[in-house]
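Top to bottom, those sequences are chains A, B and C.
FYI, my numbering numbers position 112 of the first sequence as 112, with every residue one higher than the one before it.
FYI, my numbering numbers position 59 of the second sequence as 59, with every residue one higher than the one before it.
FYI, my numbering numbers position 375 of the third sequence as 375, with every residue one higher than the one before it.
Check each hint, because a few of them may be wrong.
As the list claims (entries may be wrong) - So the derived label-pair ranges between C-beta atoms look like this:
1. 248/B - 283/C: 48 to 54 Å
2. 263/B - 91/A: 31 to 37 Å
3. 155/B - 141/A: 34 to 40 Å
4. 121/B - 175/C: 41 to 47 Å
5. 216/B - 179/C: 50 to 56 Å
6. 149/C - 263/B: 57 to 63 Å
None of these hints come from the bench; they were simulated from the model.
Predicted model, so just to flag it, every value in this text is computed and none were measured.
From the three backbone atoms N, C-alpha and C, an ideal C-beta is built for every residue, glycine too.
So you can see what is in the structure, the chains are spelled out below.
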Amino acid sequence: MTARIVLQQADITRALTRISHEILESNRGSRGLVLLGIPTRGVVLADRLGAILDQIEPWSGAVGALDVTMYRDDLAKNPTRAPSPTSIPEDGIDGKTVVLVDDVLYSGRTIRAALDALSDLGRPRAVRLAVLVDRGHRELPIRADFVGKNLPTSVEERINVRLEETDGTDEVTIE
Amino acid sequence: MRHLLSTRDLDRDTAVGILDVAADMADVATREVKKLPTLRGKTVVNLFFEDSTRTRVSFEVAAKRLSADVINFSAKGSSISKGESLKDTAQTLAAMGADAVVIRHGSSGAPRVLADSGWIDAGIVNAGDGTHEHPTQALLDAFTMRRRLHGNAARGKDLNGLRVTIVGDVLHSRVARSNVWLLGALGASVRIVAPATLLPMGIEEWPVEVGYDLDEAMDAGPDVVMMLRIQAERMSAAFFPTAREYSRQWGLDDERAARLPAGSIVMHPGPMNRGLEISAGAADSARSVVLEQVANGVSIRMAVLYLLLSGTGEVGA
Amino acid sequence: MIRITGATLPDGTRSDIFVANGRIAPPGTPTTSIDADGLIALPGLVDLHTHLREPGFEQSETVLSGSRAAASGGFTAVHAMANTMPVQDTAGVVEQVQSLGDRHGYVTVRPIGAVTVGLAGEQLAEIAAMARSRAAVRIFSDDGACVHDALLMRRALEYVKTFDGVVAQHSQDPRLTHDAQMNEGVLSGELGLAGWPAVAEESIIARDVLLAQHVGARLHVCHVSTAGSVDVIRWAKARGVNVTAEVTPHHLLLTEQLAAGYDSRFKVNPPLRRDDDVAALRAGLADGTIDIVATDHAPHPVEAKECAWDEAAFGMVGLESALSVVQAAVVDTGHLNWADVARVFSAKPAQIGRLDGYANPFAVGSPANFTLYDPAASTVFGIEHLHGKGVNSPYLGRTLPGRVVTTIHNGYPTVSDGLLVDADIVAATAEATHG
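Excised from the complex, chain A in its bound form (with noise of 0.2 Å):
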């Protein structure tokens, strides 16, 4: 099967763009925010949502990385995968608002998993959601505070996000 372009390098700026917009409204600006990239790509975006933030109004909020390894639902079902460092601000999460930052959004399973491990690290005022992409079939009740792109799929269809940080290019494709 071959792999069809969805979003390139410009798009994926454009829509990381959009969100850090979107995130600084809803939350009235940069205080307390807390950005939350769940590896590997998550982190990324996260990392770049950061950046942006900084350049549109003086950044006041922080980005780390939350690894939802040990939370997740299918630890038996798949090879034994390797955990990511998990880092928070120095001040912890309590009062803060949290925005989880992926790559793609699917069945929800691994924001569940997220959220569990969010609650042993503390209790934010808040917790939103950022996703470049959202392919549909979800398996739980979540839905993304923060949308890139909506992909409807096909359960069969692969998509693939590459980013110049971890794979050398920026592109999502499907396949």
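Got chain A sorted already, so can you dock chains B and C onto it with the hints?
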């Protein structure tokens, strides 16, 4: 990882991988909720044919932090009975549905026998077997050294270039064996110092340098000095004349400890014989990382249990 | 009269063999005929070192089960070691063991007498009584334990000489092998198993050959396992010491590397040694330094082996596999030819044990004890090839050459077409033969 029986089976990347997972586990200990749901519904059995409260508790804490159910099964015989046989015990545990068995046994190779037997399908972790190996001890030692060497930037790194001196009863030490293989895999250079009576035959084939003189070894300025415990029963078996002579020749006393370079650390697998292989001063000095070793033990055992019990048995990317 | 057609004798000639009235007969008119085309006729194998375990350890082996194992391996005589319970240290016990062997009839069972009372190494057993009993014991051994006390060993050598007997020494210095588990070397150090140094064997052999020379007695060295032991024995023979030595099939084929997996089937006393030792043992057997092959067949119940290595019992069963292992280790490798095998596994052990009837096995008038063996066969050795009570064979799952097709003991078949003849039939035939 199916079992952890020996550090001999670990190559550099696997070993570094375990240390990396352990680093993540160590972070859990600093959080408010010191628990992960990862191994919910899994049963870990601590099968101890020998007493070792320290090791057992360390595995117990590790398993509980990962939300596994823990059963402590002491199979030690009384002075009259020989204790339950390995086979009967294994079959009992299999019937109870154990997912992992952490085994401490007085006989070298007992964990391997259990893993190969077909009596039980669980993952087997060697928690010390006779005078063979104690792989989680070596892993926690390596973890401790790596933290000292690389601090928070340790992820992905090995122990390349580190100079480690191991002193004492290598002949009877499972800790020494596991450390020698693991440190070799991680790129450290190992020097062993002991009287010839406490060195195994064929040690010249090991990937180590061997010497008899502790003072000479101290003057070489090692990064790590690991003191091994002298068991009481060696005193009466002509391995050395008296405890006093041993202590003078091969004990880490205050004077020897003071001669170590500033950044060097002193390790001991515990429990220590203060005044025999290590002086109280050296054991409690700022160089001593004995308590760090204990804390790191939990992280390493969490990592091992996670790698054994999650997944389908294959290691993914 | 039985006629065996077309068998190849050990010297390579082809010949028909006639058997009548329990003996090799001149050509005549046969009532039955056995086709031995392609098979080697070897004299009945004589094992100088067998543990039959009865009386006392019948859960491990009995005289009957051990005799069946022996017959299936091509043996017609075995020497039963003394470490039974009660120990074979009195005339009563040795006579009992011998009569059990006679009654079952698969092989000739020759009891070995203990050197010391209860194998305790303290006081000589009633050697004269055993030698002059119906069992006519000629080999004395504390096997399993070493006659360690030098003075006691000297006395034993001297005293046994009185009855044309021989002391078969289990050469193992007990102090040097305290709690020992496997050959001492690089591997034992890595595995954390207490080492069993070669010198613990060699030093006892060196002492014993000097003692034997000093008192002018015969010495037999059991299960030689090291290159150094071969050197010591070669030196002793050159000095004219009256010493004979045995090697087991497993020490001719297996090495200590097999201990690496802690599989206790490979735990044996003396332990498996290094490649160099195996090479020296093969060469020693080929040049006559080592006189014979003996099995040290040591059956154990499964629970004695289903445990950690240092909790497991020492020993391997070996009767059923012995000839195949000898073929693999020293015949197929060119060290021995079949005439040599006949010597080291039949004529010479019979001579050491003073067992009559094996000097000219295929001569007319000799007792008909022989086995027909197919050296071209090849089998994956399995439980189904074991006929004693023990399944502690180190060869399970290994491909071994050769197959025992027929065994004739005192003129009647104990193995026929590769299958053991029924125990009742063998016992009845044996009784008729004894008269």
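Evaluated hints:
1. 248/B - 283/C: 48 to 54 Å: 49 Å, holds
2. 263/B - 91/A: 31 to 37 Å: Because 32 Å falls inside the window, the suggested range holds.
3. 155/B - 141/A: 34 to 40 Å: 36 Å, holds
4. 121/B - 175/C: 41 to 47 Å: 44 Å, holds
5. 216/B - 179/C: 50 to 56 Å: Because 33 Å falls outside the window, the suggested range is violated.
6. 149/C - 263/B: 57 to 63 Å: 59 Å, holds
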